[in-house]
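Student: The chain contents come next:
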Amino acid sequence: MTQRRRGRPSLSQNTSRLQGGDMDMEEDVSFTQTLTQAQRNLEKHSPEQISLKVGELVQYLLIRDQKKLPIKRADIVKNVVKEYKDIYAELLLRAKKALLEVFGFQLEEIDTKAHIYILINTLERGEGDDLKVNDNTAKLGLLTVILSLIFMKGNTAKEVAIWETLRRLRVDPGERHEDFGDVKKLVTDEFVKQKYLEYNKVPHTDPPEYEFRWGPRAIKETSKLKILEFVSKIQQKDPKSWVTQYRDAQEIPRSQAPRASTSARS
Amino acid sequence: MSSRRSSIDEEHEENHMDGDFEVEQDDGSRRQIRHQYRELMQNMQQNRDDMLSSRSNKLTDTLQAANQLFAEVFKPREAALDAQLLVLATNLGKEKASQLQADMTVFDPTSFAEDLLSFMGINRLENPDSDSEDEACAKGYLGADAWKKLGTEAEKYFKRTPTFHFMLGSFKTEPPIVRQKTDRQKRTSKVAEKKVMPAQLKKMEESHQEATEKEVERILGFLQTYFREDPDTPISFFDFVIDPNSFARTVENMFHVSFIIRDGFARIKLDQDKLPVIEPINQESGSQVDIDNQPRYQGVISLSHQDWKEIVDTFEITEPMIPPS
Amino acid sequence: MAISESHQRFLQILMSHGIMEASAVRKLHKHCCEVHKVHYMHDKLDDFVDVINKHLQPLFMQIRKGTDENDGRRYYSLVNIAENEVTKMAMDYAENELELFRKAMDLIIDSDNGFASSTNILNLADQLQSKKMKKKEVEQLLQNFVQDKWLIERDGEYSLHTRCLMEMEHYIQSTYQDMVKTCNICHNVAIQGQVCDNCGIKIHLTCVEKYFKGHEEPRCPQCAEGWSQEIPRLSQTDSPVPSTSQKETRAGQRKAISVAASTRSRRS
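These protein sequence lines are chains S, Y and F, in that order.
Each residue of the first sequence is one higher than the one before, counting from 1 in my numbering.
Each residue of the second sequence is one higher than the one before, counting from 267 in my numbering.
Each residue of the third sequence is one higher than the one before, counting from 592 in my numbering.
Any given hint might turn out to be false.
In silico DSBU-like links for lysine-lysine, alpha-carbon gap of 30 Å or less [unchecked claim]:
1) F:Lys656 - F:Lys628
2) S:Lys67 - S:Lys113
3) S:Lys220 - S:Lys113
4) Y:Lys438 - S:Lys158
5) Y:Lys425 - S:Lys158
6) S:Lys72 - F:Lys679
7) S:Lys158 - S:Lys82
8) F:Lys801 - S:Lys96
9) S:Lys85 - Y:Lys438
10) F:Lys740 - F:Lys645
11) S:Lys185 - F:Lys722
12) S:Lys67 - F:Lys726
13) F:Lys722 - Y:Lys438
Here are some chain S residues the structure puts well away from chain Y; computed CB gaps all over 10 Å [stated by the list, open to error]:
14) Asn79
15) Lys97
16) Glu109
17) Glu198
18) Pro208
19) Glu211
Hints are computed from structural coordinates only; laboratory data are not their basis.
C-beta atoms are modelled at their ideal positions from N, C-alpha and C, and glycine is treated no differently.
Please take these sequences and the hints and turn them into a complete structure.
Tutor: This is how it looks when you write it as structure tokens:
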């Protein structure tokens with residue numbers, strides 16, 4: 001096991017976060033460490049034990065990803081890390097490295113305050129990549145339609161408008177669907193839990209109206225430009241013909257700025 | 267096109283200025299040209315929608331055809347038709363351009379839904395009793411895999427990770443329900459009856475089996491002898507099976523000892539150091555052991571050449587407890 | 592060979608299917624090499640998979656090769672090899688659904704022909720210790736098990752899919768022990784197979800075909816009585832190595848002895 005002597009960015013970030021929210025205070029104390037403290041903690045455990053823990057952590061992350069549910073740091077500590085809490089940062093770093101190296105999966109933080117993670121793919125889907133097709137594939141189709149409607153209509157869409165269009169596709173919130181079952185639940189609950197969509201009440205509306213926005217997972221897994229390309233393909237038009245949307249899709253959000261070192265994997 | 271036209275006009279003018287010069291053109295071909303012009307114009311009017319569609323190049327094609335025709339025009343009558351066609355085409359062009367601008371800014375969810383249905387492979391049927399309250403544009407049958415087809419296309423636009431699924435370890439191991447033992451015992455007694463081996467050995471397997479049985483018996487004999495001499499000390503498994511002179515014989519010993527354990531003549535336990543020890547089991551009734559009612563645990567041990575050497579050194583084994591046959 | 596994107600793509604696609612036929616896997620190997628512009632050699636699939644497995648080992652996962660009990664078709668599957676607190680948190684099936692699966696497995700292994708009828712499995716639903724299930728739910732659940740390739744269905748009866756056997760081989764042997772028959776020829780668990788009328792040993796259909804090939808008078812390898820059942824005639828392109836999964840298990844168990852060896856060295 002190589003002992004890394006250089007400063008670890010994740011740890012130094014933690015030390016500066018001591019002024020975090022009150023709820024985090026107690027948690028943060030164990031996550032904020034000086035470099036020497038971290039070193040000493042590592043040495044408390046044997047290399048085999050650490051290796052085993054990293055393996056378990058990777059398993060845990062893959063299991064949580066089964067249902068595409070975001071992963072909370074608190075759960076990671078409670079269910080996997082447990083008494084190895086003092087080296088949490090190192091464990092997570094190694095798990096992240098393993099996921100990237102072996103599977104090509106990137107562990108992304110979608111909520112830096114509450115420390116919530118998802119897995120996204122570093123490999124681009126190409127022609128001939130015959131992935132298994134199942135119910136989740138159908139659900140993705142539905143989700144993409146909704147994301148398209150939201151984006152093309154200016155990044156927010158009223159719930160009633162969404163259902164109006166979906167009805168044309170034989171998808172009705174009042175009826176049980178062949179592929180989706182309880183569609184209303186799928187769209188307003190499952191997709192929201194998975195962080196694909198945000199479902200918010202429009203203030204000062206009575207009876208209450210709701211609107212949809214893209215969720216943080218959608219922002220990471222796809223992009224405005226990609227969805228514009230999808231719409232363009234379906235409608236057989238040039239993406240540039242949607243002038244407003246095309247311009248909107250050109251703004252690169254900070255979270256999606258291209259990472260320089262994607263290919264340089266040591 | 268306009269530049270070409272002006273050069274021809276110039277030519278015409280020049281011709282007229284000369285006064286006497288006139289192009290030879292018979293009435294038949296002139297009539298044909300006028301006919302073709304009228305056809306083009308009729309076509310434009312009848313296929314108006316098609317011409318207007320942003321997906322169609324028919325308008326351009328029509329103008330190109332008109333260009334070619336104009337090469338044959340030398341008289342005012344035909345030229346007038348050409349001008350007429352141009353007016354029609356210009357109007358269409360203007361309308362098409364304004365429509366293009368509308369396409370550029372407005373996203374129409376209805377049209378999007380229509381295109382989605384087409385992509386998913388909707389089967390549009392002629393339905394005379396179509397429901398007037400039906401919001402869907404046309405009655406049609408959406409196939410079973412329609413959404414899966416759309417989803418497969420959608421995957422290309424996402425950086426989604428595939429998911430890992432497994433069964434092992436997802437539930438707690440529990441002892442299975444023990445079934446009625448009657449059938450089993452029936453079979454074992456059958457075997458006992460037919461235990462007489464045929465006099466003539468036809469197969470290699472049979473003679474091999476006999477040799478194995480002999481060896482197993484021999485080893486069991488040694489085990490029982492050692493234990494009779496010193497009943498209170500359990501024998502270390504490795505001390506027993508290891509032959510310090512031959513790795514191959516060690517493996518064979520382990521193989522034969524496994525039969526002894528399987529048939530219930532001996533058992534393996536772990537001592538206080540968690541090391542395996544072997545001890546024979548007292549037999550009550552002949553050779554028939556109540557195999558089925560004993561609690562059983564399966565243990566698998568494999569040994570590499572390296573392991574064997576290490577054990578010989580660590581345990582300081584100098585002589586085999588099972589002498590070679 | 593260092594691990595690279597071609598390996599990752601291969602692993603990702605195999606992961607999404609869970610189990611793939613050897614012919615499809617060969618195509619996949621080619622595809623992944625081509626996409627990532629890696630030199631493709633058709634006979635280097637084993638090396639390619641070994642590289643991935645080396646990296647999967649510390650994560651308690653493995654790409655295993657296996658054979659169908661009946662037709663001898665070769666498969667590759669990505670399996671889990673750990674049983675711990677974390678694996679119990681798997682989210683595909685609820686606790687009562689897994690209990691039903693376990694009990695169905697009991698029935699299947701205990702049966703003579705390796706199949707359990709849907710009626711018998713439905714009856715199990717009433718005996719569940721965890722949340723009870725309605726008939727319709729059980730039917731849907733069985734359908735899901737088949738779709739996910741844990742069970743196979745034939746004429747309303749259910750048995751274990753090759754995928755299940757490939758992952759659970761060792762578990763089945765250690766949990767069921769004498770209750771489960773192992774094939775007399777390849778020594779792997781035998782759920783479906785032919786049984787000797789006389790001594791009761793069981794042989795996979797595919798092993799029967801290989802072992803008795805060309806024999807005029809097939810005889811039981813154990814008791815030498817005539818083999819009364821029909822010897823299947825299957826055509827096979829792959830060379831027969833039935834005990835592949837056993838080889839894998841032995842390799843994995845070498846670890847046990849080296850750990851024991853290190854314990855012993857402390858003794859002196």
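Student: Flag every earlier hint the structure violates by its number, smallest first.
Tutor: 4, 7 and 8
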